[in-house]
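Modelling step: build the complete structure from the supplied sequences, incorporating the hints.
These protein sequences, in sequence, are chains A and B.
If you're matching positions, the first sequence starts at 34 in my numbering and goes up one per residue.
If you're matching positions, the second sequence starts at 5 in my numbering and goes up one per residue.
You may find that some hints are simply not true.
[As the list claims (entries may be wrong)] In silico DSBU-like cross-links for lysine-lysine, where the CA-CA straight-line distance does not exceed 35 Å: (1) LYS125/B - LYS103/A; (2) LYS103/A - LYS85/B; (3) LYS65/B - LYS103/A; (4) LYS45/A - LYS180/B; (5) LYS183/B - LYS45/A; (6) LYS93/B - LYS103/A; (7) LYS90/B - LYS73/B; (8) LYS126/B - LYS45/A; (9) LYS73/B - LYS45/A; (10) LYS180/B - LYS93/B; (11) LYS65/B - LYS183/B; (12) LYS45/A - LYS141/B; (13) LYS183/B - LYS90/B; (14) LYS62/B - LYS126/B; (15) LYS179/B - LYS45/A; (16) LYS85/B - LYS141/B; (17) LYS45/A - LYS172/B; (18) LYS45/A - LYS92/B; (19) LYS93/B - LYS45/A; (20) LYS103/A - LYS183/B; (21) LYS73/B - LYS180/B.
[Claimed, not checked] To give an idea of the chain A side of the interface with chain B (calculated C-beta under 10 Å), a few residues: (22) SER40; (23) LEU44; (24) GLU46; (25) TYR47; (26) ALA50; (27) ALA53; (28) PRO55; (29) VAL59; (30) ARG65; (31) TYR123; (32) ILE125.
It should be emphasised that the hints constitute simulated quantities derived from the structure, not laboratory data.
Since this is a predicted model, take the numbers as computed values, not measurements.
For each residue, glycine too, the CB sits at the ideal point set by N, CA and C.
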Amino acid sequence: MKQPVDSEEMLKEYFNAPAAAPPHLVADTLRRINNRQPIGLLISAAALNIIMALFLALVLLAGPLLLFWKIVILLMVALFQMIAVILLLYRISCGTLEASTN
Amino acid sequence: MISDRQLVEDYRSGQQAGLEHLIDRYRDDLFRFCCHLSLDRQEAEDLFQEVWVRVLRKLEKYDPERPFKAWLFQVTVNLHKDRYRKWKKLRERLTLAWTDDNSKLSEPGDGAPLTEDFLLKKEEFLYLEQCLRTLPKRYLAPLILFYYEEFSYESIGEVLDVPLGTVKSRLNQGKKLLKAAMGGRDHEATSG
Numbered sequence: 034m035k036q037p038v039d040s041e042e043m044l045k046e047y048f049n050a051p052a053a054a055p056p057h058l059v060a061d062t063l064r065r066i067n068n069r070q071p072i073g074l075l076i077s078a079a080a081l082n083i084i085m086a087l088f089l090a091l092v093l094l095a096g097p098l099l100l101f102w103k104i105v106i107l108l109m110v111a112l113f114q115m116i117a118v119i120l121l122l123y124r125i126s127c128g129t130l131e132a133s134t135n
Numbered sequence: 005m006i007s008d009r010q011l012v013e014d015y016r017s018g019q020q021a022g023l024e025h026l027i028d029r030y031r032d033d034l035f036r037f038c039c040h041l042s043l044d045r046q047e048a049e050d051l052f053q054e055v056w057v058r059v060l061r062k063l064e065k066y067d068p069e070r071p072f073k074a075w076l077f078q079v080t081v082n083l084h085k086d087r088y089r090k091w092k093k094l095r096e097r098l099t100l101a102w103t104d105d106n107s108k109l110s111e112p113g114d115g116a117p118l119t120e121d122f123l124l125k126k127e128e129f130l131y132l133e134q135c136l137r138t139l140p141k142r143y144l145a146p147l148i149l150f151y152y153e154e155f156s157y158e159s160i161g162e163v164l165d166v167p168l169g170t171v172k173s174r175l176n177q178g179k180k181l182l183k184a185a186m187g188g189r190d191h192e193a194t195s196g
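Right, here's the structure in full:
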């Protein structure tokens with residue numbers, strides 16, 4: 034083993050030794066960039082959606098309507114919400130699956 | 005040759021080719037830096053990809069007057085710090101022992117000659133990596149940048165976002181610790 038005195042030379046050599054990147058790295062990076070999901074945006078949209086839904090539910094419940102119709106309208110709103118969530122999850126998972134198969 | 009600034013402007017104006025050129029231009033340099041920072045080849049590949057994702061997210065804040073490479077390395081150091089912190093927290097939670105046999109220099113190149121010199125050099129580098137792993141993380145990045153011989157003290161300070169005095173003191177301290185680690189292991193090897 035070399036003596037510590039020679040360590041300066043060894044450090045220079047070690048840090049300046051060429052390290053070629055794997056050939057697939059650029060392609061993988063571009064794929065990762067293109068497949069990234071705007072998670073922050075999605076979370077903000079989901080939060081806004083929940084606030085709006087709660088607000089509408091309160092307005093509806095306080096409104097002059099029969100309880101039956103109030104429940105029907107709330108169920109309809111909930112149904113649309115569920116469809117939206119399913120579509121969103123489907124779209125995200127499709128993107129992820131496509132990325133993993135590539 | 006198209007300048008980095010022009011390529012950044014091209015990407016900002018919507019041309020994907022500008023980005024591809026940039027990634028390709030800094031492929032080897034950045035990968036080497038990632039390897040040295042993470043001391044693990046697989047980890048370096050992941051870090052490399054994440055760096056570019058973050059670069060694109062922060063590109064609006066990039067000042068074209070600054071050298072792109074210094075900014076790119078700054079983003080890399082910051083991202084590595086974040087990842088290291090997360091990893092450290094996770095490790096503390098799981099209380100796992102750090103075992104790493106996936107050294108970045110553990111796989112020789114395809115056509116690398118297995119001569120005595122090569123094997124000796126490889127052994128030295130592996131030994132050096134072990135010593136580098138023992139260094140506190142704040143000393144590693146200044147040492148790497150210093151030994152690249154293309155960064156001045158000022159540039160290192162700019163990349164690490166620390167004052168000039170801190171760069172110099174961290175370099176001195178880092179070198180001392182590294183030499184002590186190398187000396188200590190030499191001593192162990194000779195006495196053992």
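Checked hints:
Annotation: proposed proximity of LYS125/B to LYS103/A is violated, straight-line Cα distance about 79 Å (limit 35 Å). Between the alpha carbons of LYS103/A and LYS85/B the distance comes to roughly 53 Å, so the proposed pair goes past 35 Å and is violated. For a cut-off of 35 Å, the pair hint linking LYS65/B to LYS103/A is broken: about 49 Å separates their Cα positions. With a CA separation close to 16 Å, the supplied pair LYS45/A and LYS180/B stays within the 35 Å bound.
Restraint check for LYS183/B and LYS45/A: satisfied, since their Cα atoms lie roughly 14 Å apart, inside the 35 Å limit. For a cut-off of 35 Å, the pair hint linking LYS93/B to LYS103/A is broken: about 49 Å separates their Cα positions. Proximity of LYS90/B to LYS73/B is assessed by CA-CA distance (about 26 Å); at most 35 Å being required, the pair is judged to hold. At most 35 Å may separate the alpha-carbon atoms for a hinted pair to count; LYS126/B and LYS45/A meet this at roughly 15 Å.
Between the alpha carbons of LYS73/B and LYS45/A the distance comes to roughly 20 Å, so the proposed pair stays at or under 35 Å and holds. A threshold of 35 Å between alpha carbons decides the hint, and for LYS180/B with LYS93/B the separation of about 28 Å falls inside it, so the pair holds. Restraint check for LYS65/B and LYS183/B: not satisfied, since their Cα atoms lie roughly 39 Å apart, outside the 35 Å limit. At roughly 19 Å between alpha-carbon atoms, LYS45/A and LYS141/B fall within 35 Å of each other, so this suggested pair holds.
The hinted pair formed by LYS183/B and LYS90/B meets the criterion: a straight-line CA distance of about 29 Å does not exceed 35 Å. For the given pair, LYS62/B sits about 38 Å from LYS126/B by alpha-carbon distance, which is inconsistent with the 35 Å threshold. Using a Cα cut-off of 35 Å, the hinted pair LYS179/B and LYS45/A holds, with the two alpha carbons roughly 12 Å apart. This hinted pair checks out: LYS85/B and LYS141/B have alpha carbons roughly 8 Å apart, not beyond 35 Å.
For the hint pairing LYS45/A with LYS172/B, the CA-to-CA distance comes to about 18 Å; that is within 35 Å, so the pair holds. With a C-alpha separation of about 29 Å, the suggested pairing of LYS45/A with LYS92/B holds against the 35 Å cut-off. Restraint check: the Cα-Cα separation between LYS93/B and LYS45/A comes to about 33 Å, which is no more than 35 Å; the hinted pair holds. Of the supplied pair hints, the one linking LYS103/A and LYS183/B is violated, its CA atoms being roughly 76 Å apart against a limit of 35 Å.
The suggested pairing of LYS73/B with LYS180/B holds, with an alpha-carbon distance near 28 Å, which does not exceed 35 Å. Hint status for SER40/A relative to chain B: holds, with the closest Cβ pair at about 5 Å, below 10 Å. Proximity of LEU44/A to chain B holds as hinted, the smallest CB-CB distance being about 5 Å (cut-off 10 Å). Interface hint status for GLU46/A: upheld, as the beta-carbon distance to the closest one in chain B is roughly 8 Å, under 10 Å.
A distance limit of 10 Å between C-beta atoms decides the matter here; for TYR47/A the minimum to chain B is near 5 Å, and the interface restraint holds. Interface restraint check for ALA50/A: the shortest CB-CB distance to chain B comes to about 8 Å, inside 10 Å, so the restraint holds. Nearest Cβ of chain B to the Cβ of ALA53/A: about 6 Å, under the 10 Å cut. The hint holds. Satisfaction of the interface hint for PRO55/A is found here, the shortest Cβ-Cβ separation to chain B being roughly 7 Å, below the 10 Å cut-off.
Contact between VAL59/A and chain B, as hinted, is supported at the beta carbon level, the nearest pair being about 5 Å apart and thus within 10 Å. For ARG65/A, the interface hint holds, the least distance from its beta-carbon to any beta-carbon of chain B being 5 Å, beneath 10 Å. Annotation: TYR123/A was flagged as interfacial toward chain B, and the flag is violated, the nearest CB pair being 24 Å apart, outside 10 Å. Interface hint status for ILE125/A: violated, as the beta-carbon distance to the closest one in chain B is roughly 17 Å, over 10 Å.
Hint violations for this structure: numbers 1, 2, 3, 6, 11, 14, 20, 31 and 32, all remaining hints satisfied.
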